[in-house]
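Position chain B relative to chain A; hints supplied.
So the protein lines, in turn, are chains A and B. The numbering used here applies: residue 1 is where the first sequence begins, and numbers increase by one. The numbering used here applies: residue 1 is where the second sequence begins, and numbers increase by one.
Incorrect hints may appear among the rest.
Which copy? The list can't say, so a pair holds if one copy fits it or any two copies do.
In silico DSS-like pairs for lysine-lysine, Cα to Cα no more than 30 Å straight-line [stated by the list, open to error]: (1) K246 <-> K68; (2) K68 <-> K123; (3) K323 <-> K29; (4) K29 <-> K123; (5) K323 <-> K130; (6) K12 <-> K29; (7) K358 <-> K246; (8) K29 <-> K216; (9) K216 <-> K68; (10) K93 <-> K123.
To be clear, the hints were calculated from the coordinates, so they are not data collected in a lab.
Protein chains: 2
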Amino acid sequence: MRNQVYEKRVEKSSRLMLAEGIDILLLTKPSNMFYLTGDGRLCSFAMINGDGQVALGVPMTDEDDVRKQAHFDHLATFDDEIGMIHSIADFFKQFGISKGVVGLEYTFLTQAMMGMVTHPHAKPDEVTVKNCTDIMSQMRMVKEPHEIELMREAAKVADAGMEAAMASLGAGMTESQIAGEGEYAMRQAGAEGFWRSYVSSGARTGIAHGLPTNRKVQDGDIVMIDLHPIVNNYSSDICRMACVGKPSAEQVRAFDVYQEALQSTTAKAIAGVGMVELEDTLHGVIRDAGYGDNIFGPSIHDIGINFEEAPLPPGHAFFHGEKAPPPLLENVPIAIGNCGIYKEAWGVRIEDTVVVGKDRPMVLTSYPIIFEREP
Amino acid sequence: MRNQVYEKRVEKSSRLMLAEGIDILLLTKPSNMFYLTGDGRLCSFAMINGDGQVALGVPMTDEDDVRKQAHFDHLATFDDEIGMIHSIADFFKQFGISKGVVGLEYTFLTQAMMGMVTHPHAKPDEVTVKNCTDIMSQMRMVKEPHEIELMREAAKVADAGMEAAMASLGAGMTESQIAGEGEYAMRQAGAEGFWRSYVSSGARTGIAHGLPTNRKVQDGDIVMIDLHPIVNNYSSDICRMACVGKPSAEQVRAFDVYQEALQSTTAKAIAGVGMVELEDTLHGVIRDAGYGDNIFGPSIHDIGINFEEAPLPPGHAFFHGEKAPPPLLENVPIAIGNCGIYKEAWGVRIEDTVVVGKDRPMVLTSYPIIFEREP
Numbered sequence: 001m002r003n004q005v006y007e008k009r010v011e012k013s014s015r016l017m018l019a020e021g022i023d024i025l026l027l028t029k030p031s032n033m034f035y036l037t038g039d040g041r042l043c044s045f046a047m048i049n050g051d052g053q054v055a056l057g058v059p060m061t062d063e064d065d066v067r068k069q070a071h072f073d074h075l076a077t078f079d080d081e082i083g084m085i086h087s088i089a090d091f092f093k094q095f096g097i098s099k100g101v102v103g104l105e106y107t108f109l110t111q112a113m114m115g116m117v118t119h120p121h122a123k124p125d126e127v128t129v130k131n132c133t134d135i136m137s138q139m140r141m142v143k144e145p146h147e148i149e150l151m152r153e154a155a156k157v158a159d160a161g162m163e164a165a166m167a168s169l170g171a172g173m174t175e176s177q178i179a180g181e182g183e184y185a186m187r188q189a190g191a192e193g194f195w196r197s198y199v200s201s202g203a204r205t206g207i208a209h210g211l212p213t214n215r216k217v218q219d220g221d222i223v224m225i226d227l228h229p230i231v232n233n234y235s236s237d238i239c240r241m242a243c244v245g246k247p248s249a250e251q252v253r254a255f256d257v258y259q260e261a262l263q264s265t266t267a268k269a270i271a272g273v274g275m276v277e278l279e280d281t282l283h284g285v286i287r288d289a290g291y292g293d294n295i296f297g298p299s300i301h302d303i304g305i306n307f308e309e310a311p312l313p314p315g316h317a318f319f320h321g322e323k324a325p326p327p328l329l330e331n332v333p334i335a336i337g338n339c340g341i342y343k344e345a346w347g348v349r350i351e352d353t354v355v356v357g358k359d360r361p362m363v364l365t366s367y368p369i370i371f372e373r374e375p
Numbered sequence: 001m002r003n004q005v006y007e008k009r010v011e012k013s014s015r016l017m018l019a020e021g022i023d024i025l026l027l028t029k030p031s032n033m034f035y036l037t038g039d040g041r042l043c044s045f046a047m048i049n050g051d052g053q054v055a056l057g058v059p060m061t062d063e064d065d066v067r068k069q070a071h072f073d074h075l076a077t078f079d080d081e082i083g084m085i086h087s088i089a090d091f092f093k094q095f096g097i098s099k100g101v102v103g104l105e106y107t108f109l110t111q112a113m114m115g116m117v118t119h120p121h122a123k124p125d126e127v128t129v130k131n132c133t134d135i136m137s138q139m140r141m142v143k144e145p146h147e148i149e150l151m152r153e154a155a156k157v158a159d160a161g162m163e164a165a166m167a168s169l170g171a172g173m174t175e176s177q178i179a180g181e182g183e184y185a186m187r188q189a190g191a192e193g194f195w196r197s198y199v200s201s202g203a204r205t206g207i208a209h210g211l212p213t214n215r216k217v218q219d220g221d222i223v224m225i226d227l228h229p230i231v232n233n234y235s236s237d238i239c240r241m242a243c244v245g246k247p248s249a250e251q252v253r254a255f256d257v258y259q260e261a262l263q264s265t266t267a268k269a270i271a272g273v274g275m276v277e278l279e280d281t282l283h284g285v286i287r288d289a290g291y292g293d294n295i296f297g298p299s300i301h302d303i304g305i306n307f308e309e310a311p312l313p314p315g316h317a318f319f320h321g322e323k324a325p326p327p328l329l330e331n332v333p334i335a336i337g338n339c340g341i342y343k344e345a346w347g348v349r350i351e352d353t354v355v356v357g358k359d360r361p362m363v364l365t366s367y368p369i370i371f372e373r374e375p
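Bound conformation, chain A alone (with noise of 0.2 Å):
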């Protein structure tokens, strides 16, 4: 039931769980169970020991699709809630792990979700909880190859959703329309879905996540769009803007400033830079441009299955639950720009996807920066 890639990825875990002092992984994020087994759900589990054994919790009505799917050694299928319940105590049974300690996504699970894998029926008494983050943080930082091919797969599809969304700009069209039109041209080009959309306009470009409204773009208005495709299962990650009419001088200054700013950074993407480092450069560049009051939010994030993943920058690291970021290897892709200058009126910010390299960084998303549109 296991092809290599996952095999290996499941040795791996194995070694880092002992490592850290835990018996068994017991995991419940999509993405982190789509890692080890090929193959993660909604209202699933996954657990793995120290051997290497991977046994899989999901719903009755899915069997036959995880088994189409996943890699895995031992399934059980459950009816309801105390079906899931008990189903993870038989598996603990079935181990042979009746003490020791059992490793959690603290940074997945809810205080409700906690209260239920740890309930007295499913979790052995003696047996403690551990954070298990870094683990899987570790492990899924660096790509593979195939896993690098597959982004490349959705920064096309993001740059497919940014001409369309930027091809509908003009007076009169919401924020949500624009964003609908971006999200449309993804399907077609194959996303099977994508996560949070922000599209603003006008001043809520001056807002930190600008969710689109439905606010009525109008002539002079500058308007920022940041799509999130998810194809055969990775993500992408692109930010441009444009303004419907004639930016204000202060605008095209900022614009520039920003671009000159993600430039000096991506072209840092090698393979041995700090996160912080990389977050200095972008820092610097509009610090030095007078805009050092004007910086908000983390500047660069990972990526890969999900759109937002560790390593992050130290500060949101720490709101994320994560470990601070180690330097970055080969082959860590990484969003570059997603901090913003934000003046009182408006603000801009311009996102690529760009994988970290040997020699050279590898920019995904390649949609045109242009800031100034034909009339």
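Only chain B this time, still in chain A's reference frame:
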């Protein structure tokens, strides 16, 4: 800074808080923040004390935007995660709370976020934590008349999405493209966003969570489409099915049984009915038709700002960290038809958004239920 709607809600939250022995609420779930202040955004928090004083903390970029939309007494802005923690500490001080109990959203906070809001630099040492999920659920369950009007608008948008998705059905379309048609139409019709769309076809209609894939619909396939627009912050939920070509006699029979189950259950959505009684009605019709072993999933859920909120059926409530549901009152909107009849090679399901009425149910979603379509 307050209008009456939010003033009343905040007053009520203070009363419920004191009854539960909670001195202050610390909320980060956008829908809960929106309910009490008229504004819910990412990476922000709201603190509400027993005197009905509301404090907000938001990114520094968002100050003007928040002032335009939110009803509050105190506002802090922060630069980053550390600043957020310090803002929380400042409000504890400003409200004079150095001991007592802070209410937190156990159904929303991950372990990592929990670590952040209860960080020693945020929460005073002698303040203990308690789950406040049920307080917010109690408040949000029965909708005010203007909320019902907003949900009626959301239901119209759901109907428009379903119409477009159904119109696109045909062999060769991918599940993802069909989802894209529905989503595009919903954004055109006024949705500012939507929750996860489900589209599954062929054997995939038989799995519990049929997220869209790039599988191409084939002649003779049945297709399940489940859409959830968000319009002016309120949600709707609709699921319909159709066959591309001629369904089997067994499929038609199961579909008819499900439709009868849905109608019987909807007829009972009258004030005073229990969630379990509704679930038993739905399951009863299905069981009586011989499909008792093929039922999976919680059959009903509340809907409002979130597309799935309390009350929930008992098992699912437990999973979501909510209390068992009380009898349903007038103006509680529910989605009926969240479970399915799942056979090995296919499944059927139909879902509507229905408001529990004083004398009769009010069905908000109205797209026709037609399984066999013209060729």
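Hint check:
no.	hint	in the structure
1	K246 <-> K68	between (54 Å within a copy, 27 Å between copies)
2	K68 <-> K123	within (29 Å within a copy, 49 Å between copies)
3	K323 <-> K29	both (18 Å within a copy, 24 Å between copies)
4	K29 <-> K123	both (18 Å within a copy, 29 Å between copies)
5	K323 <-> K130	both (14 Å within a copy, 27 Å between copies)
6	K12 <-> K29	within (18 Å within a copy, 36 Å between copies)
7	K358 <-> K246	neither (41 Å within a copy, 56 Å between copies)
8	K29 <-> K216	between (37 Å within a copy, 27 Å between copies)
9	K216 <-> K68	between (46 Å within a copy, 17 Å between copies)
10	K93 <-> K123	within (10 Å within a copy, 40 Å between copies)
The structure fails hint 7 only (numbered hints given earlier).
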